[in-house]
Every structure is written in C-alpha cells, then in structure tokens.
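2 protein chains.
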Amino acid sequence: MHPNSYFIEHIRSAGLSPTRQRVALAKLLFQGENRHVTAENLYKEAISEKISVSLATVYNTLHQFTDAGMLREITVDANRSYFDTNTKSHHHFYFEKDGKLGDIPDGMITLGKLPEAPQGTKIKSVDVVVTIAHVDNDY
Amino acid sequence: MHPNSYFIEHIRSAGLSPTRQRVALAKLLFQGENRHVTAENLYKEAISEKISVSLATVYNTLHQFTDAGMLREITVDANRSYFDTNTKSHHHFYFEKDGKLGDIPDGMITLGKLPEAPQGTKIKSVDVVVTIAHVDNDY
DNA sequence: ATACAATTTAGAATGTTTCCAAATATTGAC
DNA sequence: GTCAATATTTGGAAACATTCTAAATTGTAT
Numbered sequence: 004m005h006p007n008s009y010f011i012e013h014i015r016s017a018g019l020s021p022t023r024q025r026v027a028l029a030k031l032l033f034q035g036e037n038r039h040v041t042a043e044n045l046y047k048e049a050i051s052e053k054i055s056v057s058l059a060t061v062y063n064t065l066h067q068f069t070d071a072g073m074l075r076e077i078t079v080d081a082n083r084s085y086f087d088t089n090t091k092s093h094h095h096f097y098f099e100k101d102g103k104l105g106d107i108p109d110g111m112i113t114l115g116k117l118p119e120a121p122q123g124t125k126i127k128s129v130d131v132v133v134t135i136a137h138v139d140n141d142y
Numbered sequence: 004m005h006p007n008s009y010f011i012e013h014i015r016s017a018g019l020s021p022t023r024q025r026v027a028l029a030k031l032l033f034q035g036e037n038r039h040v041t042a043e044n045l046y047k048e049a050i051s052e053k054i055s056v057s058l059a060t061v062y063n064t065l066h067q068f069t070d071a072g073m074l075r076e077i078t079v080d081a082n083r084s085y086f087d088t089n090t091k092s093h094h095h096f097y098f099e100k101d102g103k104l105g106d107i108p109d110g111m112i113t114l115g116k117l118p119e120a121p122q123g124t125k126i127k128s129v130d131v132v133v134t135i136a137h138v139d140n141d142y
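Chains as they are written, first to last, in this note's numbering: chain A, 4 to 142; chain B, 4 to 142.
Keep in mind the hints are simulated off the structure, nothing from the lab.
Virtual Cβ for every residue (Gly too), placed ideally from N, Cα, C.
Each hint should be verified, as a subset may be incorrect.
Calculated Cβ distances over 12 Å to all of chain B for the following chain A residues [claimed, not checked]: (1) Lys30; (2) Val56; (3) Asn63; (4) Lys125; (5) Val138.
Output of the computed footprint for chain A on chain B, the stretches with three or more beta carbons under 8 Å from beta carbons of chain A [stated by the list, open to error]: (6) 27-38; (7) 112-126.
With the hints as constraints, model all of the structure from the sequences given.
Rendered as structure tokens:
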C-alpha cells in the first residue's frame, strides 16, 4: 500500500486532487499531533524538509484545506493568520512572547447562552482567546 | 473655560502632552458614544473634518492611548487592528460582511472558570468574538 | 499518449503597519 | 514672553503578510 495513501484519501475526500505539494503539506500537517501553523512557518518547515513548494502554494493549500473543513483558521493576532489542525470547536491560549498558540482543553471554559444572530445572518464562529503575557515586575 | 479642557485633561492624566493632533483625535474618539475604529478610518475621518494630521500620527496616537489604558485593542480580523473606546471588559460581534464591530452587552455571555496562567505569566485578556456571517442559501 | 483542465510558480501588487531622519511644536526655566 | 532642550509630527521609505497574475507545469480522463 502506498505510504501516502492515507493523506491522498484525505485530500481526495475533500474534493481536491492529490498533487505532490498538497500531499506533502498534508503529511506535515496531519501526521502526528494537532498543530497550529502560520503560512510562513509551514513554508519554512517544508523547505527545510526538502519539499519543493512555493509560498503561494502554501497559502493556497491552507485556504483550500480550510474551505474543505480540514483546518480551522484562528485569529489571535492582527498581523498573522494561524491554522489549526483541530477543527473541533475549542478555545486558545495565545502566548504573546513567542507567538505560539495552545489549546484550552474542552470544558475549561464554559460559555453561557449566546445572543441570537440578526435576521439573515448566522453565527459563524465563537472564538475565545486567552492572551498570556509576561508578568512585569511592577512593584 | 477652554472648550477642549476635558480632552486635554484626559490626555495629561495619561502622562502625554496635549498636542494639537492628540487633542483633536481624542475629541473624535471620546466625545459621544463608544466607538470601534481602525487607524485608517480614524485617519479618513480626521481628514474629512479638516484636522491636519498624518497617518503615522494616528497610529502613534492610537498606540499611546492604548498603552495609557484609554483604548483597548481588539483582534477580530487577521488584517486590521481595531481600537475600542470602551476599555471595560466586554465582548464583540464581528460582522464579516462590512468589517464592523458591535459590543455584546455585558451578561449576554457568561464565561466559566478560567484556567490558571503558567508560572511567570499572567492572563492579559480574555476576548470572545462572535463572528456573524451571511446565510448562504445552501439548499 | 494526448489534450484539456487544474495547479503551481515567481514575482509583482496590495494593504496595513512600522521605521526613519528632518522639520515642527511643546515645555520648563528664566 | 523668549529660549534652549525635548518631544512630537511628518512624508516617504521600508517591512511584512497576503493576494494576484499570467506563464509554465502537472494531473486527469479518454
């Protein structure tokens, strides 16, 4: 059996052709633990693993995977987009110092009742971000 | 009494000199209702009100006001920073279609117990963003 | 294999934000 | 008020993430 068939299947079932670069990126993203990546750092990782792919393709692929529900886009910082391989609804720590994201285990935050969405609209997402900063010794 | 003395005082008490442009921007921001602005749209508003100020100064001023606790920066979109004149802890709707923010009235969302911040760090903020999208008629 | 369609690519373009060094304004001392 | 010292403002350049574009390459169905 092809060593990549799992990833190829994953991509196919999202309605995308399993191209060389999509398969390679899917391997980086979906083998192993859940991950939080930015386009730039996934691109650098690919390059350092000798995967020949362009930055534009990394952007395209991240968006295609997101549209296909394989990734979830997370907004925690006004200057960068993060993509989370865990698409189940959950919340995030954002460690300002190093720009890293962490998952908040399910159940650790409980949201109360949500307001209704106005007519003709729907709630697309509810995101909770707990931003963690260093303590400044303000004595 | 100087018509701007309220704003001048506000700026002084934040430890900033009340320059022409800071006073003018403070008037736009703090007279009337609470507001959600981006640097770009505050800049355009200032220009259309014949306030002579540069975009760089708008950015500087928004950050200085934020550092001084007069504004709160809100991250809802990966491409733009929003600043909220309401610095009390509260949450937001984000209307994707037109890039506008709305406040979620206090009490409409109740957060359960929060996790502890790791050693040497503290929770800087907890932001809840409810993103509102248009309903696509997927029939 | 071939042909048509989809994807990838490098580089240009865009949009937001920050940086810079020069010009201007503000402040505090007299 | 004037002056010198300091802080602020400014336009333009630079930085950065992201999107766009049109040409080249690859994938797919036959």
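Hints, verified against the model:
| no. | hint | in the structure |
| --- | --- | --- |
| 1 | Lys30 | holds (25 Å) |
| 2 | Val56 | holds (22 Å) |
| 3 | Asn63 | holds (16 Å) |
| 4 | Lys125 | violated (5 Å) |
| 5 | Val138 | violated (5 Å) |
| 6 | 27-38 | violated (count 0) |
| 7 | 112-126 | holds (count 13) |
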